[in-house]
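Asks: All chains should be built: construct the whole structure from the sequences, respecting the hints.
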Amino acid sequence: MDEATFHIEAKEKLETRYNEALPAFSATLNILNDMIYAGAHEKGLSVTVRHRVKEFSSWHAKFLRNISLGKDKKPLAITDILGIRIICPFLEEIEAISNMLQELFQITEYEVKGAEYPYQYFGYESVHFLIVLPEDTYSSDSPILDFLNPLVCEIQVRTILQEAWAEVEHELVYKSEFSPLDEPLKRKLAALNANLTLSDIMFQEIRAYQRELNSALNQRRKDFYDCISQNPQKDRESESRAPEKNQPPSIIQETIDTLLLRGLLAHNENHYSEAIEIYSTILLRKINNDIRAVILVHRGMAYFSSNLQDAALEDFNQAIELNPGQTKARYYRAVHARVNGNLSDALSDIEECIKAEPYNIEFITARAETLAAAGKLQSAIEDCRIVLKLAPDFKPALKLLHSLETS
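Take the sequence shown: its letters are residues 24 to 430, numbered as in the numbering used here.
In short, the hints are calculated from the structure, not lab data.
Watch out, some of these pointers could steer you wrong.
In silico EDC-like pairs for lysine to aspartate or glutamate, Cα to Cα no more than 20 Å straight-line [as the list claims (entries may be wrong)]:
{"id": "1", "residue 1": "Lys36", "residue 2": "Glu78"}
{"id": "2", "residue 1": "Lys136", "residue 2": "Glu177"}
{"id": "3", "residue 1": "Lys418", "residue 2": "Glu428"}
{"id": "4", "residue 1": "Lys418", "residue 2": "Glu385"}
Replies: Shown next, in the form of structure tokens:
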């Protein structure tokens, strides 16, 4: 009896052994899953991890194919019995996940599947790894040793959209008795693939923009806080002129998002007149009240930093009128009031902010500063201690508490 015939006859026995090994396969995959999730959490990556054990029927068919290739072919050299798929929201995270996998595991193969196809092809790329199983993911007498040779697991890394395409493509192409051969259908699939690819790219660009915008916002808040903490009454900039009335065409044609980012960057570089001009341009647009309130807050802060106190207060007041729930506008109005010596008004506004957001450490610190300015030192100290319970490393509260306790 030749080898191929022998293994065909042994199918039932092989299936029994394979099924008996399934719990061990799953246990190994669960350990790998935990390792990947822990690594992703450490890197700050948001991922979904799925795993599967190859079905016996698929494994057996591949097993027989390997045998048919010749006796020199190792019949059990099937590398995708264990499969893990890591799914992430954005393209940039694929590289970060790939780097993480290289830190966690020994990589024996790396391939970008689909990259070799021409642009007309309707397949979709994904990154594939073959990793060596760490020794602590299986026992020395595990039944998986009868089937895994070499001891490897396949890991695929895809975006959410790549995963969606792969699932649909699998149903339409690989599981169907009819594989799309006609050119019109191929073109439709290629167009769908192109749309998904473009969507991935656009999502990535939007995320990059949001990151840049958030960075600019955070820097502007930090600079503003530093400004009022170090010397709230100083002249903040010699240029205190009103914004230009005539806007250049390039500014008028830009989107609100682009203008806002430009305004924030100018603001962060202490080019307050330029920032005020850009914010004013946005306010000329047809925008809803919530957005208008946000822009008024930004412009009010730029006015404040330019020592245009009346203009700043007017913007903060308008923002609150448009959106009474806008705590940031009320917070900055409280800062304005405190800096200008109106401690009662400052405390009233900051109490409203804390009522809306009881655990906001900026708001509680602002109340502590206001109480300290009013001579209520013990209450200010108590507020600082509340903040430091919530955020032990919050520098403004640490600095204020040290100042109060040593005064």
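Asks: Taking the hints in turn, state whether each one holds.
Replies: Comparing the hints with the structure gives:
| no. | hint | in the structure |
| --- | --- | --- |
| 1 | Lys36 x Glu78 | 15 Å, holds |
| 2 | Lys136 x Glu177 | 13 Å, holds |
| 3 | Lys418 x Glu428 | 15 Å, holds |
| 4 | Lys418 x Glu385 | 11 Å, holds |
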